[in-house]
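K.L.:
Below, each chain spelled out in residue letters.
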Amino acid sequence: NAGVTQTPKFQVLKTGQSMTLQCAQDMNHEYMSWYRQDPGMGLRLIHYSVGAGITDQGEVPNGYNVSRSTTEDFPLRLLSAAPSQTSVYFCASSETAPRTQYFGPGTRLLVL
Amino acid sequence: GENVEQHPSTLSVQEGDSAVIKCTYSDSASNYFPWYKQELGKGPQLIIDIRSNVGEKKDQRIAVTLNKTAKHFSLHITETQPEDSAVYFCAARWMDSSYKLIFGSGTRLLVRP
Numbered sequence: 001n002a003g004v005t006q007t008p009k010f011q012v013l014k015t016g017q018s019m020t021l022q023c024a025q026d027m028n029h030e031y032m033s034w035y036r037q038d039p040g041m042g043l044r045l046i047h048y049s050v051g052a053g054i055t056d057q058g059e060v061p062n063g064y065n066v067s068r069s070t071t072e073d074f075p076l077r078l079l080s081a082a083p084s085q086t087s088v089y090f091c092a093s094s095e096t097a098p099r100t101q102y103f104g105p106g107t108r109l110l111v112l
Numbered sequence: 001g002e003n004v005e006q007h008p009s010t011l012s013v014q015e016g017d018s019a020v021i022k023c024t025y026s027d028s029a030s031n032y033f034p035w036y037k038q039e040l041g042k043g044p045q046l047i048i049d050i051r052s053n054v055g056e057k058k059d060q061r062i063a064v065t066l067n068k069t070a071k072h073f074s075l076h077i078t079e080t081q082p083e084d085s086a087v088y089f090c091a092a093r094w095m096d097s098s099y100k101l102i103f104g105s106g107t108r109l110l111v112r113p
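So the protein sequences, as listed, match chains A and B. Numbering follows my numbering, in which position 106 of the first sequence is assigned residue number 106; successive positions increment by one, without gaps. Numbering follows my numbering, in which position 21 of the second sequence is assigned residue number 21; successive positions increment by one, without gaps.
Bound conformation, chain A alone (with noise of 0.2 Å):
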């Protein structure tokens, strides 16, 4: 099993741009989830998904969309990329609720 995987692991954005980070996972896990992790802030929830099909947001949905076509796919997009997105984002993954969960190892984002 290749667990989660993020792409891209570094991405460089100008402000106003869109973008998708993508996140997969081969562990058939229906809960899945989106964080920021800032200096000195922690992770941050940004969106999650409980199965294919059902979505909610986070502590910190604003600026980003999500959708669950598949459980094995969870894609985050940016709508309007501002500077205030630069951050390290992962993707985590769970059998259920967010117990054991497993995480990507992460896209580094910059917005310039």
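Watch out, some of these pointers could steer you wrong.
What the hints assert, rightly or not - Quick list of in silico lysine-lysine cross-link-like pairs, DSS-like style, CA-CA up to 27 Å:
(1) Lys22(B) x Lys68(B)
(2) Lys57(B) x Lys71(B)
(3) Lys9(A) x Lys37(B)
(4) Lys37(B) x Lys68(B)
(5) Lys14(A) x Lys42(B)
(6) Lys42(B) x Lys9(A)
(7) Lys68(B) x Lys58(B)
(8) Lys37(B) x Lys71(B)
(9) Lys22(B) x Lys42(B)
To be verified - Residues of chain B clear of chain A, computed beta-carbon distances all greater than 12 Å:
(10) Val13
(11) Lys71
(12) Pro82
Don't read these hints as lab results, they were simulated from the structure. For each residue, glycine too, the CB sits at the ideal point set by N, CA and C.
Keeping the supplied structure of chain A fixed, place chain B upon it in accordance with the hints.
P.N.:
For chain B alone, coordinates are given in the frame of chain A:
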């Protein structure tokens, strides 16, 4: 609102000493409290967790204690080793209608050889 406070933000110990990291949470209904370890350049990894029906759980050199009345829980690492150096995060599951796991701000642990 939903909040998990974690202290200290940095901790430096001598190899072989013990390290303790403390967290407090605001939702008295929370019932699941995991601890994650993050090594440089990697995603966090679960190292131990505790549910609200137990007060302490051990796994070799690491242990977690929970005080539901005071709404705080702690991570204890004994006989620290240089490979324990990492950032540690506590978290608490919010027991509203959502399925949120709220994280603390992290503790950078440095074990000096």
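K.L.:
Decide, hint by hint, whether the structure agrees.
P.N.:
Hints and how they fare:
| no. | hint | result |
| --- | --- | --- |
| 1 | Lys22(B) x Lys68(B) | 13 Å, holds |
| 2 | Lys57(B) x Lys71(B) | 17 Å, holds |
| 3 | Lys9(A) x Lys37(B) | 20 Å, holds |
| 4 | Lys37(B) x Lys68(B) | 23 Å, holds |
| 5 | Lys14(A) x Lys42(B) | 26 Å, holds |
| 6 | Lys42(B) x Lys9(A) | 11 Å, holds |
| 7 | Lys68(B) x Lys58(B) | 18 Å, holds |
| 8 | Lys37(B) x Lys71(B) | 22 Å, holds |
| 9 | Lys22(B) x Lys42(B) | 23 Å, holds |
| 10 | Val13 | 21 Å, holds |
| 11 | Lys71 | 18 Å, holds |
| 12 | Pro82 | 23 Å, holds |
Against the hints set out earlier in the document, no violation occurs for any number.
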